[in-house]
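One line per chain: the protein sequences are Y and R, in this order. Just so we're on the same page, our numbering is the position in the first sequence counted from 1, plus 49. Just so we're on the same page, our numbering is the position in the second sequence counted from 1, plus 253.
Don't read these hints as lab results, they were simulated from the structure. The structure displayed is predicted, hence computed values, not measured ones. Some clues are possibly wrong.
Partial pick of chain Y residues on the chain R-facing surface, computed with a CB cut under 10 Å [said to hold, decoys possible]:
#1 Asp60
#2 Gly65
#3 Asn66
#4 Leu69
#5 Leu111
#6 Ile115
#7 Ala117
#8 Ile119
#9 Ala145
#10 Lys162
#11 Ser163
#12 Val165
#13 Ile174
#14 Val175
#15 Phe179
#16 Val182
Facing chain R, a subset of chain Y residues (Cβ under 8 Å, in silico) [claimed, not checked]:
#17 Leu56
#18 Ala81
#19 Ile85
#20 Ile89
#21 Ala144
#22 Thr164
#23 Ala171
#24 Ala178
#25 Asn185
#26 Lys188
Virtual Cβ for every residue (Gly too), placed ideally from N, Cα, C.
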Amino acid sequence: MNTEMILSLIDKYFEGNTSLQEENQIRDFFLAGVSIPEEIAPLKEYFLSIDKFSNTLPSDNLEEKILARIDQEEKKRKLNRSFNIRMYITSGIAAAFILLIGFQQTIKPTGMKSTVEDPMLAMQIVTSAFAEVNKNMGKGMTNFQYLNQVSKATEPVSKIQMLNNSMEKAAKVHYFNKGYKAFQNMHEIPNTDK
Amino acid sequence: MKKIFVLLIAMLPLFVVGQSALESVFEKYSGKDGFTTVNIGPQMFQLLANTNIQVDVDDQEEFDEAMAAMKQLTGLRILTCENAGSDLCLRFRKDIAQNTPKNYLELMTVKDGDSDVKFLANQEKDGTISEFLMLVIDTEDVVLMSFTGVIDMNTISKIGETMQIEGMDKFEETEK
């Protein structure tokens, strides 16, 4: 078989127009393995594998196997469906649960039940409670006011301290003057004060 | 199924929104001999906040602020143990100490004569206070007070001042 013929047969094969006889010709060509053109060399393995499978006979229980597989797939699909249904139901329950809680929270945000039913009395209690908090917090805060008073009280002390510092500096000037005069006497420097 | 369990567990805090961290202590001692219990629930706070109270024009702004703050409260609980020196009151104090969450901020402790006052608050991540506790222990009794809701300390003082002085008489008038 020449190269042109086998190439046209292969084209025909891939177009799906080959007869059984022509397919056998292609197979025989690759089986012979003589002067296979480079461009169709990669197809050798493909055509020989088809040949190999075509010679394999189906097992006796193929039909059973196919049916078993179909059953298995069917079961799996049913299982998935029932799982989905269960998921929908549980999601629904969960959603209802959330709504219920939300509803409950809106009506009754806490589980606490008022022991007072009279609004006026409730107002008095709330007000007194806040006033009590204020009073006690105020007690704590007055200590800060005392601190403020202490700092005010120590203000004159700090002023005295500043005065002392100034006096000290003044005294140092005084000593400096004394020393300068002694130095003048020793070296008979003419008094610049004149 | 796992996801649902996780969801349910995540939802658990919803049940306890607005409840005191010391819920177990309140439950344990409420109604017992030697204790006085006062609970004001969220509905009552809503009712009070929506009550039309006439105040002087000058006080209106402060009063409105106080009412807005009250609207955000979900509960007030006061539990008083009479006879501070009794074993029951000591147990009560111990239970409070044991059940107070560690993350609660101790805002202030005031010791004034024979009375000790402690202020604690639960500060949320956004800075708001969701529970404010005041514990007063003196020679006569032990008082545990819990405010729950969205609490602003500035407005607490406003409610105390504004309502005590200006609000109450007007409220009584509207009720009559």
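So, going through the hints one by one against the coordinates:
1. Look at Asp60 (chain Y): its Cβ only gets to about 56 Å from chain R, farther than 10 Å, so that hint breaks.
2. With 10 Å as the threshold, the beta carbon of Gly65 (chain Y) stays out of range of chain R, its nearest partner Cβ sitting at about 50 Å, so the hint is violated.
3. Annotation: Asn66 (chain Y) was flagged as interfacial toward chain R, and the flag is violated, the nearest CB pair being 56 Å apart, outside 10 Å.
4. With its C-beta approaching chain R no nearer than about 57 Å, Leu69 (chain Y) sits outside the 10 Å limit, and its interface hint is violated.
5. For Leu111 (chain Y), the interface hint is violated, since its Cβ never comes within 10 Å of a Cβ in chain R; the closest pair sits about 39 Å apart.
6. With a least beta-carbon distance of about 34 Å to chain R, the hint placing Ile115 (chain Y) at the interface is violated under the 10 Å criterion.
7. The beta carbon of Ala117 (chain Y) is not positioned within 10 Å of any beta carbon in chain R (closest approach about 30 Å), and the interface hint is therefore violated.
8. Checking Ile119 (chain Y) against chain R: minimum C-beta separation of about 29 Å lies over 10 Å; hint violated.
9. Because the closest C-beta pair between Ala145 (chain Y) and chain R is about 13 Å apart, greater than 10 Å, the hint is violated.
10. Proximity of Lys162 (chain Y) to chain R holds as hinted, the smallest CB-CB distance being about 6 Å (cut-off 10 Å).
11. Because the beta carbon of Ser163 (chain Y) sits about 4 Å from the nearest beta carbon in chain R, less than 10 Å, this interface hint is met.
12. For Val165 (chain Y), the suggested interface contact is upheld, since its CB lies about 6 Å from the closest CB of chain R, less than 10 Å.
13. Interface hint status for Ile174 (chain Y): upheld, as the beta-carbon distance to the closest one in chain R is roughly 6 Å, under 10 Å.
14. A cut of 10 Å between beta carbons decides the hint on Val175 (chain Y): the least distance to chain R is about 6 Å, and the hint holds.
15. A distance limit of 10 Å between C-beta atoms decides the matter here; for Phe179 (chain Y) the minimum to chain R is near 4 Å, and the interface restraint holds.
16. Taking 10 Å as the C-beta contact cut-off toward chain R, the hint placing Val182 (chain Y) at the interface holds, the least distance being around 6 Å.
17. Hint status for Leu56 (chain Y): violated, given a least beta-carbon distance of 60 Å to chain R, over 8 Å.
18. Interface restraint check for Ala81 (chain Y): the shortest CB-CB distance to chain R comes to about 63 Å, outside 8 Å, so the restraint is violated.
19. A least Cβ separation of about 59 Å between Ile85 (chain Y) and chain R goes past the 8 Å threshold, and the interface hint is therefore violated.
20. A least Cβ separation of about 56 Å between Ile89 (chain Y) and chain R goes past the 8 Å threshold, and the interface hint is therefore violated.
21. Evaluation of the Ala144 (chain Y) hint against chain R yields a violated restraint, the C-beta minimum of about 10 Å exceeding 8 Å.
22. Below 8 Å, beta-carbon pairs count as interface contacts, and Thr164 (chain Y) has one with chain R at about 5 Å; its hint therefore holds.
23. Look at Ala171 (chain Y): its Cβ gets to within about 5 Å of chain R, closer than 8 Å, so that hint holds up.
24. Against a cut-off of 8 Å between C-beta atoms, the interface hint on Ala178 (chain Y) holds, since the closest Cβ of chain R lies about 6 Å away.
25. Because the beta carbon of Asn185 (chain Y) sits about 4 Å from the nearest beta carbon in chain R, less than 8 Å, this interface hint is met.
26. For Lys188 (chain Y), the interface hint holds, since its Cβ comes within 8 Å of a Cβ in chain R; the closest pair sits about 5 Å apart.
In summary, the numbered hints that this structure violates are 1, 2, 3, 4, 5, 6, 7, 8, 9, 17, 18, 19, 20, 21.
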